[in-house]
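Undergrad: So you can see what is in the structure, the chains are spelled out below.
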Amino acid sequence: MIGRLFLRDLALLMPGGKRGGSILPLLFFLAVAMLYPFAVGPDAQLLARTGGGVIWVAALLAAILPLDRLVAPDLEQGVFDQLALRGISEELALAVRMAAHWLSFAPLLLLAAIPAAALLSLDGETLRKVLLGLLAGTPGLAAIGVMIAALTAGLRGGAALSGLLLIPLAVPILIFGAGSLSRPDGAGIALAAAISLVLVAMTPFAAGAAIRAAREG
Amino acid sequence: MHGFANPKRFLEIARWLTPTLLISGLIITAAALGWGYFRVPPDRLMGETVRILFLHVPSAWLGMGGWTAIAISSLVFLVWRHPLASLAARGAAVPGLVFTVICLATGSIWGRPTWGTWWVWDGRLTSMLVLMFLYIGYIALAQAVSRDGGSSRIPAIFGLVGAVNIPIINRSVVWWQSLHQPPSITMGKSAIDNEFLIPLLIAVLGFSLLFGGVVLARMRALLAEIQTEARLRRRALGAEVA
Chain A
1 MIGRLFLRDL ALLMPGGKRG GSILPLLFFL AVAMLYPFAV GPDAQLLART
51 GGGVIWVAAL LAAILPLDRL VAPDLEQGVF DQLALRGISE ELALAVRMAA
101 HWLSFAPLLL LAAIPAAALL SLDGETLRKV LLGLLAGTPG LAAIGVMIAA
151 LTAGLRGGAA LSGLLLIPLA VPILIFGAGS LSRPDGAGIA LAAAISLVLV
201 AMTPFAAGAA IRAAREG
Chain B
1 MHGFANPKRF LEIARWLTPT LLISGLIITA AALGWGYFRV PPDRLMGETV
51 RILFLHVPSA WLGMGGWTAI AISSLVFLVW RHPLASLAAR GAAVPGLVFT
101 VICLATGSIW GRPTWGTWWV WDGRLTSMLV LMFLYIGYIA LAQAVSRDGG
151 SSRIPAIFGL VGAVNIPIIN RSVVWWQSLH QPPSITMGKS AIDNEFLIPL
201 LIAVLGFSLL FGGVVLARMR ALLAEIQTEA RLRRRALGAE VA
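Protein sequences appear in the order of chains A and B. Residue numbers in the first sequence follow the UniProt record's numbering, run continuously in steps of one, and reach 217 at the last position. Residue numbers in the second sequence follow the UniProt record's numbering, run continuously in steps of one, and reach 242 at the last position.
This is chain A alone, in the form it adopts within the complex:
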């Protein structure tokens, strides 16, 4: 049952799925990476020095886009009520959703980071650090995304509200993830991974409580 739930969520969220919007955030991510050289000029040295951070900011902005389709349609259609009748708690359903959400955007984001790195003239070493950092940080981003999506599921606040809630919570991942670019050791990546683990552990409970609260009104 859990496996089938996971496959259903994955099929919904993947590009080409029913809610298959996850290709659009990736295109948006590339568009932001393209905007930056337009804004500061094509100086390769400047781009190489700051480009890693730009990739992180673009990834964070791209993580805001899918939030309104992540949980709200299921809440409206009563999917969580049906699952609860089957004996699957909201916590479990949302942990599955979190895993599916990560799998639907993180690997593609890592792939998209490679052309973005070329646009920003990053060298191989920086690209390696960016990819490792994103690998450590994206589970945390996916966790915050599911948490915020569950909190705002019944509200008409839209993307502006979700973004306002997501950004302050995502700041620690950004600081440590992007901070690892200027350090020779892997401490920043390890700290980003640690924050990701905390968020992944916290999200099913916070998001599950939010869904139950939305049901009971």
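These aren't lab readings, by the way, just hints derived from the structure by calculation. Hints should not be assumed to be uniformly reliable.
Stated by the list, open to error - Part of the chain B face toward chain A, derived, beta carbon under 7 Å:
{"hint": "1", "residue": "F133"}
{"hint": "2", "residue": "L134"}
{"hint": "3", "residue": "G137"}
{"hint": "4", "residue": "I139"}
{"hint": "5", "residue": "A140"}
{"hint": "6", "residue": "A144"}
{"hint": "7", "residue": "S146"}
{"hint": "8", "residue": "G150"}
{"hint": "9", "residue": "D193"}
{"hint": "10", "residue": "F196"}
{"hint": "11", "residue": "L197"}
By construction, the Cβ of each residue, glycine as well, lies at the ideal position given by its N, Cα and C atoms.
Here the structure of chain A is known, so what remains is to put chain B in place on it, guided by the hints.
TA: Just chain B now, with coordinates in the frame of chain A:
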């Protein structure tokens, strides 16, 4: 504690406690700031600029204290479902935001002459800025919830999640030391001379009383709003029956 959960009893106490806190807070704050601005001698290193301390430090403590209050009230609301705890959390958000903004603004004004810069991306400044955005997010979420008729447990969950930031701000000057000085006042000992410390502590007391008064006033206003809505609904239903 459950005795105070009764809104009627709460209103009876809050009716006299709100003006008491607000007036005594105003008098004590004015006295402490007057003392700090006119009676305390200028600092040996920082000169006259040290006087901003009496505004900066109490608002920093209350900016963090405000979110601590939100987190504790949210926990009480989620666990015991006290309706008043949810109102207390919502009441603490706006004064908490105001004190955080005062802390950032005075810190920036103080930083210009002493550090030579308005802003520096140091651990404490950054985490205070993040706290400001958390307050704004919380207030926006609470407003969206009351507008769309969502559950008041939703902002409470966000209040608890956001509390993760508080220990980070508190320890930030110890973990990442740059321009902001490490804490001068810790449990039981102080690196500040008594001449500065005593008016500072009085200012903290005055600001805290003001904070409490504003929270109580906000809670009374929210309760009155709920009562008015319930009364209007009852009247509308009664009109339909008649």
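Undergrad: Each hint needs a verdict: does it hold in this structure or not?
TA: Status of the hints after comparison with the structure:
1. Interface restraint check for B/F133: the shortest CB-CB distance to chain A comes to about 4 Å, inside 7 Å, so the restraint holds.
2. Because the smallest distance between the Cβ of B/L134 and any Cβ of chain A comes to about 5 Å, under 7 Å, the interface hint for this residue holds.
3. Hint status for B/G137 relative to chain A: holds, with the closest Cβ pair at about 4 Å, below 7 Å.
4. Restraint check, B/I139 versus chain A: the minimum CB separation of about 10 Å is more than 7 Å; hint violated.
5. The beta carbon of B/A140 comes within 6 Å of a beta carbon in chain A, closer than 7 Å, and the hint placing it at the interface holds.
6. The interface hint given for B/A144 holds, since its Cβ lies 4 Å from the closest Cβ of chain A, which is under the 7 Å cut-off.
7. Here the hint on B/S146 is broken, as its CB sits about 10 Å from the closest CB of chain A, past 7 Å.
8. Against a cut-off of 7 Å between C-beta atoms, the interface hint on B/G150 holds, since the closest Cβ of chain A lies about 5 Å away.
9. The restraint placing B/D193 at the interface with chain A is violated, with a minimum CB-CB distance near 36 Å, outside the 7 Å limit.
10. Taken as an interface hint, B/F196 does not check out: its beta carbon lies about 33 Å from the nearest beta carbon of chain A, beyond 7 Å.
11. The interface hint given for B/L197 is violated, since its Cβ lies 33 Å from the closest Cβ of chain A, which is over the 7 Å cut-off.
Going through the hint list in order, the structure does not satisfy hints 4, 7, 9, 10, 11.
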